[in-house]
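Chains as they are written, first to last, in the numbering used here: chain A, 1 to 143; chain B, 1001 to 1146.
Note that these hints are calculated values from the structure, not bench results. One thing to keep in mind: the hints can contain errors.
[Stated by the list, open to error] Derived list of chain A stretches under chain B, where covered just means 3 residues or more per stretch with a C-beta under 8 angstroms from a C-beta of chain B: (1) 14-20; (2) 81-91.
[What the hints assert, rightly or not] The list that follows gives simulated cross-link-like pairs (lysine to aspartate or glutamate, EDC-like), each with its CA atoms no further than 20 angstroms apart: (3) A:Lys116 x B:Glu1021; (4) B:Lys1022 x A:Asp96; (5) A:Lys107 x B:Glu1021; (6) B:Lys1022 x A:Glu114; (7) A:Lys107 x B:Glu1074; (8) A:Lys92 x B:Asp1047; (9) A:Lys19 x B:Asp1047; (10) A:Lys20 x B:Asp1103; (11) A:Lys92 x B:Asp1103; (12) A:Lys20 x B:Asp1047; (13) B:Lys1106 x A:Glu113; (14) B:Lys1106 x A:Glu91.
None of the values given here were measured: they were computed from a predicted structure. Quick reminder that beta carbons are idealized off the backbone N, C-alpha and C, glycines included.
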Amino acid sequence: MSFNLLIVDDSRSMRAVIKKTISMSGFKMDQCVEARNGREALDVLAKAWVDVIISDINMPEMNGLELLEELKKDSLLKEIPTIVISTEGSEKRIQDAYDLGARGFIKKPFLPEEIKKVLYEVIGVSDEGEYGEDKGDDDTFDF
Amino acid sequence: MKENMEKIRETMTPSIFEVFEKMFYIFLEPLDIRYDEYDMEAAISFDGTISGDVRILLSRNMARAMVQNMLGLEGDGITGQDMEDCSKEAVNMVCGNFLSRLDSTKVFNLSSPSFKEPGDLESGEDICRMDFDSDNGKIGVIVRSL
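Using the sequences and the hints given, assemble the complete structure.
Laid out in structure tokens, this is it:
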């Protein structure tokens, strides 16, 4: 089984590095769509279904917390697991993200292993791609 | 004020190391002497229980190395936009990391990062200035606390 991802970040470099990190992790990614802010993310979601959203917080126009609020209002969209990835390190902002429905939080700067770990936890798939069956804890990458 | 600046320096230094090692695979060494020959700067301001701004000064070689290591691009594939984007992301991460080390119980608001040619490399009581060297070139970091 492969998954469709939506990466939301106003930095083109950060979107590229997140995408590269995920594809190198061995995560079975089908399509990866990108958005530069929460507003664009909602436009993408109106046209295409994704299985996971990875979103920054600090973005112009609509930030990541506002995006979570909008997702929460929609009975379908609120079911999409959302991982927040941000430079924000304050305990309150992290809690705010979880309160608004985020399923995971990754702090920038991150190691590739951290993205992989949170992604697999959130989507409920092991390294081997089997639901609920973790066949090892080898988090290393072959760069 | 001098004690505050020393605390800022002690808190900022590991943040700079962490961001450059984790995201750009660049290992920095503190420089004892001041270096002023930088080609570009990325800056961000913050506001909360304390306010101020963080500026990162970069040589062109350093900015190219950051793009190369972060995005896997090489040679002509590296554009000015890539260097700007990576530099802005670097100052954003350094500032966020610094503030959460300073006090993770407090919320700080960060501006959008900006990018330009280096401005005045000012000094003063409210300025903390650090320079670092690496195999890829030098960086300077200036923190101003208001």
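These are the hints, each one checked on the structure:
no.	hint	in the structure
1	14-20	holds (count 4)
2	81-91	holds (count 6)
3	A:Lys116 x B:Glu1021	holds (19 angstroms)
4	B:Lys1022 x A:Asp96	violated (26 angstroms)
5	A:Lys107 x B:Glu1021	holds (15 angstroms)
6	B:Lys1022 x A:Glu114	holds (11 angstroms)
7	A:Lys107 x B:Glu1074	violated (27 angstroms)
8	A:Lys92 x B:Asp1047	holds (16 angstroms)
9	A:Lys19 x B:Asp1047	violated (31 angstroms)
10	A:Lys20 x B:Asp1103	violated (32 angstroms)
11	A:Lys92 x B:Asp1103	holds (11 angstroms)
12	A:Lys20 x B:Asp1047	violated (33 angstroms)
13	B:Lys1106 x A:Glu113	violated (28 angstroms)
14	B:Lys1106 x A:Glu91	holds (8 angstroms)
Checked against the numbered hints given earlier, the structure breaks hints 4, 7, 9, 10, 12 and 13 and satisfies all the rest.
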